[in-house]
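Model the placement of chain B on the given structure of chain A, informed by the hints.
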Amino acid sequence: MSEVKFSKEHEWITLDGDIATIGITQHATEMLGDIVFVELPEKGSSVIKDGNVGVVESTKAASDVYTPVSGEIVENNQIIVDDPAKINSDPENEAWFFKLKLKDKSEIDSLMNKEEYEKFSKESSN
Amino acid sequence: MESKKTALNSLHKKYGAKLVSFAGYEMPIQYSKGIIEEHKNTRINAGIFDVSHMGQLFIKGEKSLADDLEKIFPADLRNAKLNQSKYSFLMNEEAGIHDDLIITKVERGFNIVLNAACKYSDFDLLKKLLNNKYEMNLSDELSLIAIQGPKAAEILDKLINGISDLKFMNGNLFNYLNESIYITRSGYTGEDGFEISIKDKNAEAFVEKLINEGASLIGLGARDTLRLEAGLCLYGHDMDINKSPIEANLKWAISKNRIISGGFIGFEKIKNQIEKGVNKVRVGIKPEGRIIAREKTSIFNEDDKNIGEITSGTFGPSVEAPVAMGYVENSFSKINTKVFLEVRGKKYPASISSLPFYKKSYVKGANK
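Top line first, the protein sequences correspond to chains A and B.
At position 104 of the first sequence (counting the first as 1) the number is 104 in this note's numbering, and the numbers step up by one without a gap.
At position 274 of the second sequence (counting the first as 1) the number is 274 in this note's numbering, and the numbers step up by one without a gap.
Isolated chain A (complex conformation) (with noise of 0.2 Å):
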């Protein structure tokens, strides 16, 4: 398993070969809230870097869910559709969203590590 890496989306990623696993970062679930709904991609469908692929929604409002790299979704975490809570308790282990099979390996460079994240994350909340 690859490090971690981040979008200013504020997703997490993390590569098994050309397997990635993608969720939403702690810092996301703390700006969010209680989370009670999540609408996932669909298995089997296409998606592109930066596209909207999915719905967050805390008890406040809704929030779009993006990916952060593009490919084909080949599976989805229904553990976290029938329990959203999930997502607040334990977002970047268990309560991960999607894993797709990634189109273009390159895009992975543009993402953040760990500690630029933190700065990135820390910055935007201010």
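Fair warning: there could be bad hints in the mix.
Listed next, with one range per pair, are the computed distances between beta-carbon atoms [to be verified]:
hint	chain 1	residue 1	chain 2	residue 2	range
1	B	K346	A	N93	28 to 38 Å
2	A	K122	B	D124	44 to 54 Å
3	B	K5	A	D90	32 to 42 Å
4	B	E295	A	K43	31 to 41 Å
5	B	E179	A	F120	46 to 56 Å
6	B	K5	A	K122	23 to 33 Å
7	B	K305	A	A85	35 to 45 Å
8	A	E9	B	G289	18 to 28 Å
9	A	F120	B	N132	53 to 63 Å
10	A	D82	B	H237	29 to 39 Å
11	A	E9	B	V319	26 to 36 Å
No farther apart than 20 Å at their CA atoms in a straight line, the calculated lysine-lysine pairs in the PhoX-like style are these [as the list claims (entries may be wrong)]:
hint	chain 1	residue 1	chain 2	residue 2
12	B	K40	B	K151
13	B	K18	A	K122
14	B	K128	B	K60
15	B	K251	B	K71
16	A	K86	B	K40
17	A	K105	A	K49
18	A	K43	A	K101
19	B	K33	A	K86
20	B	K286	B	K359
21	B	K251	B	K86
22	B	K305	B	K338
23	A	K43	B	K346
Note that these hints are calculated values from the structure, not bench results.
Where a beta carbon is used, it is the ideal one built from N, C-alpha and C, also for glycine.
The following block gives chain B in isolation, referenced to the frame of chain A:
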């Protein structure tokens, strides 16, 4: 314009509030534990709400005041007993709602609690409607604190003896640390509870004591999920100047005597709507599954015809399901009617539901 602060502003910050601008005030949307925890805590324990942004208006006057207020409000005010509260409306001639409010008969006059966003315009309008005849004071030195939940009475009683004897929708003066404070048994969460009008300078210490006795602070976010589960309207969303109390399904709040006797602003329209019915009416709506239909979501019938719009919608933490309210054409307002809600371009099944979504647990005296 810079937001005003209530007397509890620094206390909100101390308890980790996320502050937002609301009706011209900097108010807590939630505290550190989050909306769902706050919501549940109010339902099983007791929650404290800073509602000091709301208007606290006192109008001074004797018998003629009740007569004059009855020319404005559709409530039975001449017969109101001392310390009795009524839920009512300030309407225009078309029965459109300027504001919904609680009016309480007190010694030497009436207290009226108004929505924050409407309070200054309400004041000006009431002054005009009363021809400047009475002394009116919209307080700028009183906080308003609500404590709501099954343990509210027990907790408040530890600070103010005798509070448990208050009946629902009744108020009284109580002594607290040399201050005479006015407390009503009322609220907007579907729970038993109280609203405490206390001087700004004493508010923070008072709330700290409530916290010490086991109540927790609750923000506007949970206030919204609580009132929606209880089927209660939020002004500016579920009711406004373009809707009448009849359309808002609030006929119960208009005194039966006053429907007969009339003589209040909007009476002709109300009478007409009661006799002939209305085109659109407020209903509860329960989406199937987990889909949340928020304000402005379009409602369709089974033949794909647009029949109305959602005015409030969220996830109800106590009913553990999405809940909503909205207006639909009258012929689709029957309980269990199947409808469809268009969310992000897709139509999801839902049904018309009775209100409240969450069963109330008001104290005895509630329906007397």
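Going down the list of hints, with the structure as the test:
1. K346/B - N93/A: 28 to 38 Å: holds, 30 Å
2. K122/A - D124/B: 44 to 54 Å: Given about 46 Å between the Cβ atoms, the range holds.
3. K5/B - D90/A: 32 to 42 Å: holds, 37 Å
4. E295/B - K43/A: 31 to 41 Å: The hint (31 to 41 Å, Cβ to Cβ) holds, given that E295/B and K43/A are roughly 32 Å apart.
5. E179/B - F120/A: 46 to 56 Å: holds, 50 Å
6. K5/B - K122/A: 23 to 33 Å: Distance hint for K5/B, K122/A holds at roughly 27 Å.
7. K305/B - A85/A: 35 to 45 Å: holds, 37 Å
8. E9/A - G289/B: 18 to 28 Å: holds, 26 Å
9. F120/A - N132/B: 53 to 63 Å: holds, 59 Å
10. D82/A - H237/B: 29 to 39 Å: holds, 30 Å
11. E9/A - V319/B: 26 to 36 Å: The hinted range 26 to 36 Å holds for E9/A and V319/B, with Cβ atoms some 32 Å apart.
12. K40/B - K151/B: holds, 13 Å
13. K18/B - K122/A: holds, 16 Å
14. K128/B - K60/B: holds, 15 Å
15. K251/B - K71/B: Judged against 20 Å, a Cα distance of about 18 Å means the pair holds.
16. K86/A - K40/B: Holds, at roughly 18 Å.
17. K105/A - K49/A: holds, 11 Å
18. K43/A - K101/A: At roughly 11 Å apart (the allowed maximum being 20 Å), K101/A and K43/A satisfy the hint.
19. K33/B - K86/A: holds, 15 Å
20. K286/B - K359/B: holds, 15 Å
21. K251/B - K86/B: holds, 13 Å
22. K305/B - K338/B: At roughly 13 Å apart (the allowed maximum being 20 Å), K338/B and K305/B satisfy the hint.
23. K43/A - K346/B: OK: K43/A and K346/B at ~18 Å, within 20 Å.
In summary, the structure agrees with every hint in the numbered list given earlier.
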